[in-house]
Amino acid sequence: MSDLLEITGLTKQFPGVLANDNISLSVKSGEVVALLGENGAGKSTLVKTVFGLIKPDKGEIKIMGKVMEPGDTAGVIAAGVGMVHQHFQLVPVMSVTENIILGDEPRKAFFIDRKSARQQVIALSEKYGLEVDPDAIIEDLPVGMQQRVEILKALRKDVNLLILDEPTAVLTPLEIDELLVVIRNLAKSGVGVVLITHKLHEVMAVADRVLVLRGGKAIGFTSPKETDEAGLAQMMVGRSVVLRVDKTPANPGKPALEVKGLQVLDDRKLLSVKGVDLVVHKGEILGVAGVEGNGQREMVEAICGMRHRLAGQVLVDGVATKDMHPHAVHASGVSHIPEDREKHGLVASYSIADNLVLNQFDREPFAKGWVRNISQVNKNADAVVEQFDIRTPSAQNLASSLSGGNKQKVVVARELSEDLKVLVAAQPTRGVDVGSIEFIHNQLIAARDRGAAVLLVSAELDEVLSLSDRIAVMSGGKIVAIVDSKDADRNYIGRLMAGMKA
Amino acid sequence: MTQTKKKSFDVGNWLIPMIAVLIAMTIAGIMMKIQGADPFSAYKTLFTTSFGSVKGFSATLGKATPLVISGLAVTIGLRAGLFNIGAQGQLISGALGTAWAGYTFTGLPAIIHLPIAILFGVFFGAFVGSIAGALKAYRGVHEVITTIMLNSIIMGLSDYLVVYHFREPGQLLTRTSEIQKSARLPILFGLPFGFFIAIALAILAWWVMANTTSGFRFETVGRNKFAAWYAGISVKRTLVTAMMISGGIAGLGGAIETLGVTYRFEPAFNAGLGFDGITIALLGRAHPLGIIPGAILIGGMRAGASNMQFVAGVATELVDLLMALILFFVTAPLVTRFFKNSGSKAVTGGWGN
Amino acid sequence: QAATKPDCSKAKFKIGVVTDLGKVDDKSFNQSAWDGAKAGAKKISGGCATYIETTDSKDYAKNMALFADAKYNTIVTVGFLMADATAIAAAKYPKIKFIGVDQNNSTTNENLTGLIFDEDKSGFLAGYLAGYLTKSNKIGGVLAAKEVPPVYRYGQGYINGVAYAAKEQKKTIKTVVVYHEVGATMFSDPAWGATTAGQLLSQGYDVIFGAGGGTGNGALAKVAKKKGAFCIGVDTDQWFTVPEAQPCLVTSAMKSLSEGVSDLVNLASVGYSTGGEYKGDAAIAPYHALASRVPAAVQAKVKALTPKVLDGTIKTGV
Amino acid sequence: MKEFLTKRNSFIGIIVLATAFLYSKDGSITTSVVSTATAFALPLALAAMVGIMCERTGIVNIGIEGTLLTSAFAAFFVSSLTSNILLGFAASVAVGSLLGLLLAVMSVSWKMDQIIAGTIINILATGLTSFLYVQGRTIPSTFPEYDIPKLKDIPFFGPVLFMHGPLFYFGIFVILSLYVALFKTTWGLRSRAVGEHPSSADTAGVSVARLRYINVAIAGAIGGLAGAFLSLELVGSFERGFTAGKGFTALALMIFGRWNPLGALAAAMFFGMTQAYANQLMIDQVVQIPTQFITILPYILTIIVLAISAGKVRAPAAEGQPYEKENA
Ligand SMILES: Nc1ncnc2c1ncn2[C@@H]1O[C@H](COP(=O)(O)OP(=O)(O)OP(=O)(O)O)[C@@H](O)[C@H]1O
Ligand SMILES: Nc1ncnc2c1ncn2[C@@H]1O[C@H](COP(=O)(O)OP(=O)(O)OP(=O)(O)O)[C@@H](O)[C@H]1O
Ligand SMILES: [Mg+2]
Ligand SMILES: [Mg+2]
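Chains as they are written, first to last, in our numbering: chain X, 300 to 801; chain U, 500 to 852; chain C, 28 to 345; chain D, 31 to 358.
Do not rely on the hints blindly, as some may be mistaken.
Derived lysine to any residue pairs resembling SDA-like cross-links, with alpha carbons at most 25 Å apart [as the list claims (entries may be wrong)]:
(1) K553(X) to G530(X)
(2) K85(C) to I698(U)
(3) K85(C) to G49(C)
(4) K361(X) to I244(D)
(5) K32(C) to F186(D)
(6) K165(C) to K55(D)
(7) K680(U) to K89(C)
(8) K735(U) to K361(X)
(9) K89(C) to F695(U)
(10) K680(U) to K37(C)
(11) K724(U) to W669(X)
(12) K667(X) to T547(U)
(13) K357(X) to I518(X)
(14) K254(C) to L191(D)
(15) K141(D) to R736(U)
(16) K735(U) to D661(X)
(17) K165(C) to G235(D)
(18) K680(U) to S133(C)
(19) K37(C) to K735(U)
(20) K735(U) to A337(D)
(21) K253(C) to F213(D)
(22) K667(X) to E641(X)
(23) K365(X) to G379(X)
(24) K407(X) to F213(D)
(25) K201(C) to S58(D)
(26) K98(C) to F695(U)
(27) K32(C) to R722(U)
(28) K667(X) to S650(X)
(29) K85(C) to R736(U)
(30) K554(U) to G535(U)
Listed below are several chain X residues computed to face chain U (Cβ distance under 7 Å; list not exhaustive) [claimed, not checked]:
(31) Y427
(32) K642
(33) H643
(34) V646
(35) S648
(36) L657
(37) N658
(38) D661
(39) P664
(40) A666
No wet-lab data here; the hints were simulated from the structure.
Each residue gets a CB set at the ideal place from its N, CA and C atoms; glycine is no exception.
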């Protein structure tokens, strides 16, 4: 039987970047092809082009033997292609149902048939075991939940070809396992799947074939049978990568960050942090494990002065910090890698250079009193881009032109590029490739070893396990347990996260 | 913003508008023919009167001055993501405040009287502006509504004040007494002094926006107020400040118009100046220096309008048409495409943020 | 505005009209003044009139200078707003005869004549007529801003005229004039005029005076749609300028602007200028087709009253 | 309805109560005031619909004033040329949608700054109408008032709602159907999606550009209706600067009504009421306060109401930004 998808000689040039360089790929039905590559390698560009969201400069795309009109998304959808986008394609102010039916709505005459729409959604989420509230408004949902919606949207119509661009970046271990099962079943039923992910064990688990991209070029095909995770990593980065974090045991000093009886409301004005007490000592990493949406985000924002503290205190070196005043908190020595880099972390229309000083633009050396020192800003930028290996033609380019992972690097670089007492890192490696993950992890540990107190919040249980010196498990807005990483057991913590009494 | 800074020094950015203006004038010329006037003598008149003679050029700059300033007011707002439709109202309150200070205080030397009068204008403009700013920051009321409403309110209020309190004794018209000699702006090298103030202000504004921390705060709030908030910029305070400064500048425009041209407050004197400011700001792509050429061009057309009608019988509306055509061809990518295929980038963000 | 504008550069006796903010076809006072200038020019051999339409009230002086520097013999400036500018120009160009329409003139320049009118008188007559036409004993007016002196005089005269008629008939009549908010749109807001007139009509006001450029005309047009109601125009005989109002237009409170201008222009052409102020005629327009709806007795009363009001034996109280 | 019946809008309730109270005191006056208010309100409301139509699909339309002015002129001009007001009406709708298309070309195809595009339309309108305007023209007739039988006899509501001209009824119909279309139909869902997050619509196979073109053109047509209502039904003539800033007030009303047709209608009604009562105060000569105070009353009230109801109004998110497929 013929190939579901046949890409030949695809080339796409962005200003200053050759994102795809003469790439060819074919996907048979029932086959799972994984796309691997560093941040900025061109994975999203490739699949977006297939889906008709980007017009290629050269090359041809055939779906089920039929040549596709460049940029004809509707045609691609009609041909039975579904796609889960790396950057959620959801309308924030609309309900889950509305988002899922958008573009092909069940209708009575001109009117939307809301009842049957709602039933479709419920049926869909039962079929794939991805639970969602059909009436919830997207922007009120935690990212993990949004990711489910994004996936259901793609699965709604019986697809022949399913494209998943980093679908697991924000899912919990359980959710990931569920999704991998779904993928395998789909493949069994004859669907072709293209999966983009930075998590090598996922590739090893589901992929039949792997295409590795580097700098827009196809480096070559491989398959889980022929290689192992280290091999994949080496192939995509072009050098050997240490996947396991190896760190010296911590030697904690006196408390640097103290959280006392903290209570916080979420955006819906519901109590989501229900009295949290934490102590992070100098020179240690305290990891907060927990299923997304159990109050971690609200806690972090409250600690960093970005969200009103209903009750409780946040002390740095024993001094209480100001509520609702990010600047004051930051000035007292707290750095913050925000969870939502697009919204809080970056000004998309600013140059990378300006973004790298976003929260210290008014300090020496970047400003002398009232006047900014632009040359210092640029000097700093060139240095940091070099040091953190941010993939861009120039530090003067706009942040919006960076790939997801590189955007994250910009934020991390900014927060680490000054000496700090406390570092609050929320989802620091989300959507970041293995090479960069290794790099960021080493940076966090280096900060620790410089005597900083690091509060790490991550939905990646593995990340928490491998980086933390102590692990706090958060569930239902409370810290349900604090365990020493030496005697931390994956399943035990997993159960606590799921809210079960261990 | 390093981006925007480069823009203004790029040759294409000067050549393209030139050509755009020529195309616009050709079309307007055709309309003049239709209307039965002679375009050539019309344009000849326009240039000889508005740009040809010192006297004429001085008149042009006189007209351009309030345009530069109100254009600047709108620009500052746009930079901080605020669309200040209220320049008109702020300008009027400034003009009234200045006029009052101008005729009330007597026996002061110009050195003292002028600055005081100007300060009055700036203060009242800033006051009106900051009302909109505060309502936006602390009550979330959209500045487009408040400024539109404030325009009408100021219109009525200033009129009430003049009619019932500040009216020139024994005068039927709604207008104040004339300001003291000591409060009049001088003429410098045959050119209106106000224009030099306007230019100086534009350069200052450009430098501040590009090189100071305050400028960076404005820009950041304007582009992503959440990131600004995360970066520890006080969004509320920035919004209020931006509207206050924008209003203050508009008020200054009213002040200079009063001290340099009208010598008294009379409602009709300031008609439309604030609204032209919006056009100018957009023509200059919300760049503090970019607004100057546009202001001078339109100032020249305004100054030459009556001459064109007198000499060539051109209907005065054609100036409006010409303005629209110029704005169209300068901003539409039609001409731009012809040179480099760069789509024009937005200078405003809708009512977003 | 398609009409090409006359070129007087070669003419023997040149007349220049400078309009107040507004155009020479505004169906209102700029137009009347322009018509007057043209009429005047016709009567003079080698006479020629042209105009400049002011777009910015700061340009009055500049626009007059354009005519003066081109050696115009007479300059007509239209509107009370130009009074000062005209006085200054008159002093600056003693050889040129200036005619200031709607401008009180206290200067001693004998080359400047202020052409003024007793709007209150024609307003009074209109009100008097209204007082006899109303059946509901409710009489209204929709006017441009009362800050504009001529408009205000019309309004007050109108009110007092009604009162006078009411006294004669020993009955009480409710009179209301609604003024538009002062400002740029006060003379060009027909929608407001119409809606406000509608409000008065719906409350039983059956005679309505519409005064103030487009705003007033809007009111007239609205009243025209209401059967049995009367409307009264302003400035010129609006039977001709606002035909859509003919169903209700019983008369117009006029000031003979065109005649006044034309007369003064002709005086100027023989080198004569009264200086000071020149009172133009005030009057009310003929009833035209609505004569049939005005009882003969009432027509007689108005006819009898008119001279007394015009010569001032009956005070308008303004 | 839930978008619209928020507690923020409770002030509408207050107005209704106040009106009811006044009605109980003097029925005929209140009736006349309120029906006057509707006449003030309708053109404003329709103008606001233009804004809502555009902005809900992500196009800022600051050129409403120009659209109204031009189409009002077209309505008047063509009616007087052909002495047929129906042709005049057709002309104004056509001109309105043409201006809509112009806006679409500039902002969708050429990706021009949308505020600039709107401003161009405004200046162009002022210049053109004033340039082409010839005095002395008149129209054969205006759209006659048609009192709907039976309904018109309902006390209060009869005169207020059912004693107007055809364009008034049509206008109300348009507003109500726009509300339904926006929140109940697939077209509405897609339009709002395009206005909030175009790439989502795009990835769902909805053509962003096409939908924007269509909606902005329809919006223009509605502007044409508003213009025709002014010149062919309400007034029956045309003057320079005829629309007297209604297009800008409409922007405020659109935001006041939170981009919701019914909200904007209510806001317009609120505005009309204050204007009508301002007149009534003068008519009744109850108060001896300067007219200026009466005339600025509506504007002050609007600000106060908004400040109290603290409308943290949220514009359609994608508004003002041209959509680039590449950045999807
Ligand atoms: N719209 C755009 N304009 C300019 N450059 C772009 C654009 N989109 C992507 N790029 C560049 O093209 C390159 C490939 O981007 P792409 O998003 O495909 O990388 P990726 O492999 O998906 O990275 P990641 O794993 O971080 O998602 C990057 O260098 C990125 O900066
Ligand atoms: N990204 C954001 N997340 C949460 N709330 C925000 C955000 N941005 C703004 N706000 C809200 O808007 C308000 C404006 O921010 P701002 O920085 O001005 O507050 P503030 O620092 O208390 O002001 P001030 O310093 O003048 O007292 C904040 O008080 C906050 O409630
Ligand atoms: Mg990607
Ligand atoms: Mg990417």
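- Query: Taking 7 Å as the limit, does the beta-carbon of H643(X) come near enough to a beta-carbon in chain U?
  - Reply: 4 Å, holds
- Assess, step by step, whether the Cα of K667(X) is no farther than 25 Å from the Cα of E641(X), and give holds or violated. At roughly 29 Å apart (the allowed maximum being 25 Å), E641(X) and K667(X) break the hint.
- Straight-line alpha-carbon gap K201(C) to S58(D), limit 25 Å: 17 Å, holds
- Could you grab the alpha-carbon distance between K141(D) and R736(U) and see if it respects the 25 Å cut-off? 33 Å, violated
- Task: Quickly compare the C-alpha distance for K724(U) and W669(X) to 25 Å and report which way the hint goes.
- Result: Holds, because 21 Å separates the two Cα atoms, which is no more than 25 Å.
- Against chain U, run the beta carbon of A666(X) and see if the smallest gap drops under 7 Å. 5 Å, holds
- Message: What's the verdict on K165(C) and K55(D), does the C-alpha distance respect the 25 Å limit or exceed it?
- Response: 21 Å, holds
- Task: Quickly compare the C-alpha distance for K85(C) and R736(U) to 25 Å and report which way the hint goes.
- Result: Given pair K85(C), R736(U) is violated - Cα atoms ~39 Å apart, limit 25 Å.
- Query: Any CB of chain U closer than 7 Å to the CB of D661(X)?
  - Reply: With a closest approach of 4 Å, the D661(X) hint holds.
- Task: For the hint on P664(X), just tell me whether its beta-carbon gets within less than 7 Å of chain U.
- Result: Hint on P664(X): violated, closest Cβ of chain U at ~13 Å, above 7 Å.
- Message: Would the hint on N658(X) be counted as holding, given a Cβ-Cβ threshold of 7 Å to chain U?
- Response: At about 4 Å, which falls below the 7 Å cut-off, the nearest Cβ of chain U leaves the hint on N658(X) intact, so it holds.
- Query: Are K680(U) and S133(C) close enough, with their CA atoms no more than 25 Å apart?
  - Reply: 24 Å, holds
The structure shown violates the earlier hints numbered 1, 4, 5, 8, 10, 12, 15, 17, 19, 21, 22, 26, 27, 29, 30, 31, 39.
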